[in-house]
Each structure stands twice: as structure tokens, then as C-alpha cells.
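A.B. asks: Take a look at the letters that make up each chain.
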Amino acid sequence: MSKAAILCVDDEVVVLNSLKIQLKREFGDAYVYEVAESADEALEIIDELQSEETDILVIVSDWLMPGIKGDEFLIRVHEKYPKIIKVMLTGQADETAIQRAKEKAALHNCLYKPWSSQELIATIKSGLEGL
Amino acid sequence: MNPDLKKNYKANILVVDDTPANLRLLVGMLTENGYKVRPVMDGELALTGAKAIPPDLILLDINMPKMNGYEVCEKLKENELTREIPVIFISALDDVLDKVKAFQVGGVDYVTKPFQVEEVLMRVETHLAIRQLEKNLITKNQDLEMTVQQLQNTQEQLIQSEKMAALGQLVAGIAHEINTPLGAIRSSVENIADFLKENLLQFPDFFNSLMPEYQQYFWEILHRSSEQKNSLSSKEKRQLKKSLIKELEAKEISNADTIADTLVDLGIYDRISSLVPLFQDEKGSQILEKAYQIASIQKSTDTIRTATEKAAKVVFALKNYARYDHTGEKVRSQIPEGIDTVLTLYNNQLKHGIEVTKDYEPNLPSLLCYPDELNQVWTNLIHNAIQAMDYKGHLAINITHQGDSLLVSITDSGKGIPPDIMPRIFEPFFTTKPPGEGSGLGLDIVQKIIQKHDGKIFAESVPGKTTFNVNLPLNPNS
Chain F
1 MSKAAILCVD DEVVVLNSLK IQLKREFGDA YVYEVAESAD EALEIIDELQ
51 SEETDILVIV SDWLMPGIKG DEFLIRVHEK YPKIIKVMLT GQADETAIQR
101 AKEKAALHNC LYKPWSSQEL IATIKSGLEG L
Chain L
1001 MNPDLKKNYK ANILVVDDTP ANLRLLVGML TENGYKVRPV MDGELALTGA
1051 KAIPPDLILL DINMPKMNGY EVCEKLKENE LTREIPVIFI SALDDVLDKV
1101 KAFQVGGVDY VTKPFQVEEV LMRVETHLAI RQLEKNLITK NQDLEMTVQQ
1151 LQNTQEQLIQ SEKMAALGQL VAGIAHEINT PLGAIRSSVE NIADFLKENL
1201 LQFPDFFNSL MPEYQQYFWE ILHRSSEQKN SLSSKEKRQL KKSLIKELEA
1251 KEISNADTIA DTLVDLGIYD RISSLVPLFQ DEKGSQILEK AYQIASIQKS
1301 TDTIRTATEK AAKVVFALKN YARYDHTGEK VRSQIPEGID TVLTLYNNQL
1351 KHGIEVTKDY EPNLPSLLCY PDELNQVWTN LIHNAIQAMD YKGHLAINIT
1401 HQGDSLLVSI TDSGKGIPPD IMPRIFEPFF TTKPPGEGSG LGLDIVQKII
1451 QKHDGKIFAE SVPGKTTFNV NLPLNPNS
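Here the protein sequences line up with chains F and L, keeping their order. For the first sequence, the tail end lands on 131 under my numbering, and the numbers increase by one without skipping. For the second sequence, the tail end lands on 1478 under my numbering, and the numbers increase by one without skipping.
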């Protein structure tokens, strides 16, 4: 049986590094942590994990990224995997994009950069409780 | 109080004549024809009366004792209140010189005694009409001046709001550019603080409790982690993790995925055979975990350094962008600096699929200019270029020194400007953007700023290649 995964998407490696440290510190080896530098790469990872029969529980995605933006990415994911908990992490509050993600991707929560470890963990935990 | 306010007469005329018979004649004639007439007998009274209630016209006798008509007229013309009142002289003389003098002192016409009623009425009516036209003209001019002033104010407001709109678009992007490193800094600091809180006291005990061979592993892991400087992409790391998992599983190590993941986070991607005995040991995971925690402190400090530099760069660019010379005088400035500032601020829009090539001729001379205004030029041109390419393509910026001027060329690989639109692009309020997205003032302002520097701007465009050339003379005329 393989562990479930948490996937983080951001075009800034420093953000991905930080997220992974925070998640690992909290959840230890309970999950697999994957990171992607773009939505395209994230979609690739999702398919790959799916083919390995690894469940993805949570996706934390930046909004402003090269190529596909966060809201669009989460909507695409939602169409295929409605059960995945979707969290947006943004440095720029684009309210229409957040609204769209809420409506079309069942966005669980939107966090704003700079975020705190506490709110990140609380958001993910509250998402996982709903499963 | 003032009966003049109730206007049931054609005009108010002041008649000045020292001869009672003449006075009576004129008063009678004018009153009969619907004018309100004020008769006075001498110059002093005429001046006082004209100042008290300025009449529409003055009929003024030349030959009077004490103050003659010319003097009265001169005094009327000296006074602000009475200056514009048309004066028609009454003269018994038929001397050419006197007539000339009558015009010289400011009279508009003259009538000679004995009067011909029709003639006097005609001249009075004519000059009243002229005066009325003049008044209308003055009012119209004032209206026009006011309208022009309002237009100028509006234009200034538009230019200002265009500047603010450009800044607003930038700010949204810049918020992201600054919040991202801030987020990384904040989480790194939390990570370091958490580690210290949890480990500082226990760590010496933990370390001392380790057998020397474990200590050896511990140092090896930390050492290899600290010398790892390659920054691999997440994709590459994932591949390395997979091969590590395979390698570990082949050695029948349980928890291979967690160990591999931690190793990759530590920057240990290969040559793990020396570490295999550790992972096969039951204490292995705990030692690796501790090493990871310490290494993540290092990673966090690196993150803070990188993120601080990044945020500082953005703030520096912002400061440069808004550089404003309070003296309103030109200052010496390097053109490439201004352009690089704008590129930094647009970084988040550019990195999403736009390749930027810069070709700046080395040792370019500085330019006496208004740097913040030129920044507005580069902002507009670069912003237009990005939009023309729909955020994907190639942006080339060239600066060359040509004779006594600098030539800045900004080229995008966008769809191009259609030939029928080309002649209109610098027109104010001309825009191809949807309503609300552009005021159509961008290029108009660009052109005005460049003209202010005695420079020229011209565009050339074919599909896939649009260039805006800005020529700035090193020694402007002004």
C-alpha cells in the first residue's frame, strides 16, 4: 500500500522548499510530498502518481505562475479529481480568480503570502478532516 | 435703488456739454428715441458721473471751460471703470487736426454742430452696436479661455491617471514579487525557530548518545549536504528520488521512499552505498531525520538570503522608477539603468514565457534628462510589447550610440500593427484595447515626453516584428 501524497505547486523554488519543510515537520513520513514548478509539471505528476496508484489528498497551488494560472489549474484538476482538497497560495489577491476557483474547483481555502506555518497546517488539517 | 436695473430703455447715455441749448437738444432727441440720458454741464461732473454709474456711451463736447473734452476723454481712458465706454465727440469746429486729436485721445467718432438728428442717432446706434459686439466678444473669449483651462486641467488629470494606471498594473505584479520572498522568509524563520525550540536543549544529549560510528554517518550526511550546490529542477529531483528508491529497495531497506525523499532534500542524489549500512540499521532513520533537520536550518538561511536579495531588488527598482527630481530640472542619467528598472518591475509578467534579449552598446554616455518621465516611456513601450505578444514571445531591447544621439529600440515578436492603424497610434485617445483597459493616452504621452527631450519616436511593424525606435539627442536644444 503506498502513502497518499500532498502536492505543492509554485514557480518559486524557495517557496516550494519552505512548504515542504513545513509539511514534513508537521506530518513527518505520513505522506509523500511532491513539488512542481508549474501547473504543467503538476499535471504530469498527478498522472504519474495516479498510474502508481498513489492518492493525492491535497494540492497547494500558487496563483500567478508561468503558463497555466492557479485557478485554471485547480479547475482542471477538479474536473478529473473532485475529491482532492485544493488550496490556493497567492501573493497577489486576484479576487475574480479566487472566486472562480471557489465556484469551479471547490477551493477549500485561499492563503495569502506571506503565510504562516500555522495557517497552512490548519488549512490542510481542516481539509483532511472533511474527507 | 438703482433705476437702471429696470431696463425699459435702449441704452444709458451720458451727454456732456456746457451749452444748455445744445444739452437740451441732445437730451430731447435721444430721449425721444428711447435712450436714457444723463446730462452734465462740465468735465468734472462727467468724470464723477461716469465712474458712479458707467454709461453705455458718452457724447462729449470738446470746447468746455476748465477741462476740455480731450482732457475728459484722456481721464476716462485712464480709469479701469470707464476705459471701455465709447466716446463720441461733439465739435463746433471743423478742424482736421482736432479730429485727429479726438481719435488720438481715444474717441471713437465725432459729430459736428449744428447737429443733424439722423446722423447723431445713426452714429450713436452704430457705436452702441459695436460696443455690444465687443462685449460679446470679450465674454466669448473669457468662456473660451475658461474652456481651454478646463481642457488643460483635464488633460493633466488624464496624464496623471494614465501614470497611476500603469503604476497600478505594476503594483499588482509587484505585490506578488515581494510577497513571495516574504512568504519564504517567514516560513524559514518559523522553521529555524521551531527547530531551536525543539532541539537546542536535547541536541547535545542526542549527539553524545550516538556511538562514534553513527556520529561518523551523521557528519558524512551533513558534510555532503552542505557541499551540494547544484540547483536542480523539481523534475530532475523527482527522477533522482526514483532511482534512489530503487537502489534502497534493492538493498531491502524499509521506508525507502521516505529515506530517498529526505536524501534528495538534503541534496544527496547518488553515491549512497557508504550510507546503506546506516539505513539498514534501526537507528538509521532517526539519525537521517536529525541531519535533515539541521540541514534544513541551513537551507532556511539560504532561502532567507536569496529571498531578501530578491525583495531588495524589487524595492530598489521601485525606488528608481519613482525617482523624481524635485527641482524640475534635467539630471544626468544612464538610459540602460532606467530600462533595467522597468524590466525588473515587469519581471513577473516577463518570466511567464517571454525571452528578453538586451543588447546595450558598451560605454554609453549619460543623458541629461527627466529620468522618471523616461521611465514612463519605457514602461509604456514594454507594457505594450508584452500585451502585443500576449505574454509569449521575444522582447529585444537595443541601445546604440549614433552620432550625437542615443537610439533605443524595443522590438516584440507580437502580431504587429496593421498598416491602417499605424498612422493613428500616437493620436490621443486612440486605442485598440477593450474599453476600460487603456485610455489611449499611452503613446501620446510617450511622444510628448520624447518631444520634451527633443527626441523622436517612430514605429515599424510587420507581423512578428514590431519595433519602436526612440531617438534621444545627447545635446538637446533647450
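Hints were generated in silico from the structure; no laboratory data involved. Even glycine gets a Cβ: it sits at the ideal position worked out from N, Cα and C. Certain hints may be false.
Some chain F residues judged to face chain L by a derived CB distance under 10 angstroms, without partners named [said to hold, decoys possible]:
#	residue
1	3
2	11
3	20
4	29
5	36
6	45
7	67
8	92
9	96
10	104
11	106
Covered stretches of chain F (in silico footprint by chain L; criterion: 3 or more residues with CB under 8 angstroms from a CB of chain L, positions within the stretch not fixed) [unchecked claim]:
#	stretch
12	12-19
13	55-61
A.B. asks: For each hint, tell me whether it holds in the structure or not.
C.D. replies: Cross-check of the supplied hints:
Evaluation of the residue 3 of chain F hint against chain L yields a held restraint, the C-beta minimum of about 7 angstroms falling below 10 angstroms. Below 10 angstroms, beta-carbon pairs count as interface contacts, and residue 11 of chain F has one with chain L at about 8 angstroms; its hint therefore holds. Satisfaction of the interface hint for residue 20 of chain F is found here, the shortest Cβ-Cβ separation to chain L being roughly 7 angstroms, below the 10 angstroms cut-off. At a threshold of 10 angstroms, the smallest CB-CB gap from residue 29 of chain F to chain L is about 4 angstroms, leaving the interface hint in force.
With its C-beta approaching chain L no nearer than about 6 angstroms, residue 36 of chain F sits inside the 10 angstroms limit, and its interface hint holds. With a cut of 10 angstroms, the hint placing residue 45 of chain F at the interface with chain L holds, because the nearest CB-to-CB distance is about 7 angstroms. Checking residue 67 of chain F against chain L by beta carbon gives a least distance of about 7 angstroms; that is within 10 angstroms, so the hint holds. Among the interface hints, the one on residue 92 of chain F holds; its C-beta lies about 4 angstroms from the nearest C-beta in chain L, closer than the 10 angstroms criterion.
At about 12 angstroms, the closest approach between the beta carbon of residue 96 of chain F and any beta carbon in chain L exceeds 10 angstroms, and the interface hint on this residue is violated. With a cut of 10 angstroms, the hint placing residue 104 of chain F at the interface with chain L is violated, because the nearest CB-to-CB distance is about 22 angstroms. Evaluation of the residue 106 of chain F hint against chain L yields a violated restraint, the C-beta minimum of about 24 angstroms exceeding 10 angstroms. Residue count for the stretch 12-19 of chain F with a Cβ under 8 angstroms from a Cβ of chain L: 8. That meets the three needed, and the coverage hint holds.
As drawn, the stretch 55-61 of chain F meets chain L at 0 residues by the rule of a beta-carbon pair under 8 angstroms; below three, the given contact is violated.
In summary, the numbered hints that this structure violates are 9, 10, 11, 13.
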